[in-house]
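Okay, here's what each chain looks like letter by letter:
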Amino acid sequence: MSRPRPLPENVVLEIPSDLGAIQRAVDLVLSRCETSAMESRRLRLNLRVGLSEALANAMLYGNRRDPRKRVRVEVTYHAEAIVACVTDEGDGFDPQGVPDPTMPETIERECGRGLFLMRQLLDEVVYNDLGNSVTLVLRSRSEGEEARQ
Amino acid sequence: MEAILGFSVSREGDVTVIEVEGQLIVGNRQELKQMVLEELERGERTFVVDFDRTEYIDSSGLGVLVSLSKKIREQGGELVLAGLNEDLRTLFELTKLDTLFTITNDRAQALQGL
Chain A
1 MSRPRPLPEN
11 VVLEIPSDLG
21 AIQRAVDLVL
31 SRCETSAMES
41 RRLRLNLRVG
51 LSEALANAML
61 YGNRRDPRKR
71 VRVEVTYHAE
81 AIVACVTDEG
91 DGFDPQGVPD
101 PTMPETIERE
111 CGRGLFLMRQ
121 LLDEVVYNDL
131 GNSVTLVLRS
141 RSEGEEARQ
Chain B
1 MEAILGFSVS
11 REGDVTVIEV
21 EGQLIVGNRQ
31 ELKQMVLEEL
41 ERGERTFVVD
51 FDRTEYIDSS
61 GLGVLVSLSK
71 KIREQGGELV
81 LAGLNEDLRT
91 LFELTKLDTL
101 FTITNDRAQA
111 LQGL
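In the order they appear, the protein sequences are chains A and B.
So in the working numbering the end of the first sequence lands on 149, straight run, no missing numbers.
So in the working numbering the end of the second sequence lands on 114, straight run, no missing numbers.
Keep in mind the hints are simulated off the structure, nothing from the lab.
Note that beta-carbon positions come from the ideal geometry of N, C-alpha and C, so glycine has one too.
Misleading hints may appear alongside valid ones.
Claimed, not checked - Pairwise CB distance ranges (calculated): (1) A/Arg119 - B/Gln34: 27 to 37 angstroms; (2) A/Gly112 - B/Val9: 24 to 34 angstroms; (3) A/Thr35 - B/Lys71: 43 to 53 angstroms; (4) A/Arg141 - B/Glu93: 13 to 23 angstroms; (5) B/Asp98 - A/Arg24: 25 to 35 angstroms; (6) A/Thr35 - B/Ala108: 20 to 30 angstroms; (7) B/Leu114 - A/Pro8: 44 to 54 angstroms; (8) A/Thr106 - B/Gly6: 28 to 38 angstroms; (9) A/Val12 - B/Gln75: 43 to 53 angstroms; (10) B/Glu38 - A/Arg119: 15 to 25 angstroms; (11) A/Thr35 - B/Asp52: 28 to 38 angstroms; (12) B/Ala108 - A/Pro8: 43 to 53 angstroms; (13) B/Lys71 - A/Arg65: 21 to 31 angstroms; (14) B/Gln75 - A/Arg65: 29 to 39 angstroms.
As the list claims (entries may be wrong) - Residues from chain B shown here face chain A by an in silico Cβ test under 7 angstroms; the list is partial: (15) Val26; (16) Met35; (17) Asp58; (18) Val66.
Stated by the list, open to error - Negatives, chain A to chain B, calculated, CB over 12 angstroms: (19) Thr35; (20) Asp91; (21) Thr135.
Could you put together the complete structure from these sequences and hints?
Now the structure itself:
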C-alpha cells in the first residue's frame, strides 16, 4: 500500500498597494515554501521573480497605486508544485498586448520586462478573462535539471 | 533575504563607482536614477555599477539601468556593470540585456577596461 501524499499547504495574504510591501510579502511566501520540495534555486530565482513582478504589476497597473485598493495573494504548495494567484482590484489588461522586450525595437525601453520574465521563469502564467488576476505555476524538477528551464 | 536598500558612490580616478547593496527594485530604482543623473549633470561620464553586494534586481531595476545607459551614451559616456551573481546574470541573459551592456566579473576588471 502506498504512503498517503501530504496535504497541500497554503498562504493567503492581502496587502495594500504599497511598493515597499512587495519584498516583505515575497520573503514571507518564500520562507513558507521552504518546507516544500522545491529546489532552492527555483524558489530563490524563479518564484521570487514571478511573485515580485506579479505584485508590482498588480499595484502599479492594476490598482494604479491607489492605497485604498489591495492585492490578494493565495499560494498553495505541495511536493510537486507551487501555485500562486495574485489578484488586484483593477479593470484588468490584455496580456497578449505586451510586446516582446528582447526585440531590437523594444530592448532599449525602460518598461515591459516583468511579464516576459514571469513567462520565462515559471511553468505556467495564466490570466483570468478580465486580466486582473494571474495564476503562476512552478513545478518541482528532478535533481540536476536546469533551474530556469 | 535581508531587504537592505542602499547605494553608495565613490571615485576611482575618473570613474564613478556606484555600489548597490541589497536590492535594486521598483521601490528604490528612482533613487539610483537620481544619483546617476546628478553625477552626469556634474560632468562625470564614466560609470561602474558594482552589484557584488546585490541579491536581487527586478524588471524595474533592469529598466532603470537601460534608461541610464542610454542617457550616459548620449552624453558620450560609458556605463559598465560588475559583480553580478549567477541569478542576476540569468536575468540579463533571459532579457538579452547582456547584449546591451558591458558586463565584467568584478569591479577591478571593470576599472581595468575603462
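Outcome of the hint check:
Distance hint check: the CB atoms of A/Arg119 and B/Gln34 are about 31 angstroms apart, consistent with the given range 27 to 37 angstroms. The given range of 24 to 34 angstroms is respected by A/Gly112 and B/Val9, whose C-beta atoms sit roughly 29 angstroms from each other. Take A/Thr35 and B/Lys71: their Cβ atoms lie about 45 angstroms apart, and the range 43 to 53 angstroms holds. In this structure the supplied range 13 to 23 angstroms holds for A/Arg141 paired with B/Glu93, their Cβ-Cβ distance being about 19 angstroms.
Here the CB-CB span from B/Asp98 to A/Arg24 is close to 30 angstroms, well matched to the stated 25 to 35 angstroms. Separated by about 41 angstroms at the C-beta atoms, A/Thr35 and B/Ala108 break the suggested range of 20 to 30 angstroms. Checked against the hint of 44 to 54 angstroms, the C-beta distance between B/Leu114 and A/Pro8 comes to roughly 52 angstroms, which is consistent with it. A beta carbon spacing of about 31 angstroms between A/Thr106 and B/Gly6 agrees with the range 28 to 38 angstroms that was offered as a hint.
Taking the beta carbon of each, A/Val12 and B/Gln75 are about 49 angstroms apart, inside 43 to 53 angstroms as hinted. The given range of 15 to 25 angstroms is broken by B/Glu38 and A/Arg119, whose C-beta atoms sit roughly 36 angstroms from each other. Taking the beta carbon of each, A/Thr35 and B/Asp52 are about 31 angstroms apart, inside 28 to 38 angstroms as hinted. At about 48 angstroms, the beta-carbon gap between B/Ala108 and A/Pro8 stays in the expected band of 43 to 53 angstroms.
Checking the proposed 21 to 31 angstroms range against B/Lys71 and A/Arg65 shows it holds: the Cβ atoms sit about 25 angstroms from each other. Checking the proposed 29 to 39 angstroms range against B/Gln75 and A/Arg65 shows it holds: the Cβ atoms sit about 31 angstroms from each other. Checking B/Val26 against chain A by beta carbon gives a least distance of about 5 angstroms; that is within 7 angstroms, so the hint holds. The restraint placing B/Met35 at the interface with chain A is violated, with a minimum CB-CB distance near 17 angstroms, outside the 7 angstroms limit.
Given the 7 angstroms rule on beta carbons, the hint for B/Asp58 holds: about 5 angstroms separates it from the nearest Cβ of chain A. Taken as an interface hint, B/Val66 checks out: its beta carbon lies about 6 angstroms from the nearest beta carbon of chain A, inside 7 angstroms. Distance check on A/Thr35: its Cβ is at least 17 angstroms (rounded) from any Cβ of chain B, clearing the 12 angstroms threshold; non-interface status holds. At the 12 angstroms boundary, the C-beta of A/Asp91 stays outside the reach of chain B, the nearest C-beta of that chain being 21 angstroms off.
Taking the minimum C-beta to C-beta distance to chain B, about 19 angstroms, the non-interface status of A/Thr135 holds against the 12 angstroms cut.
Hints 6, 10, 16 from the list above are not met by this structure, while the remaining hints are.
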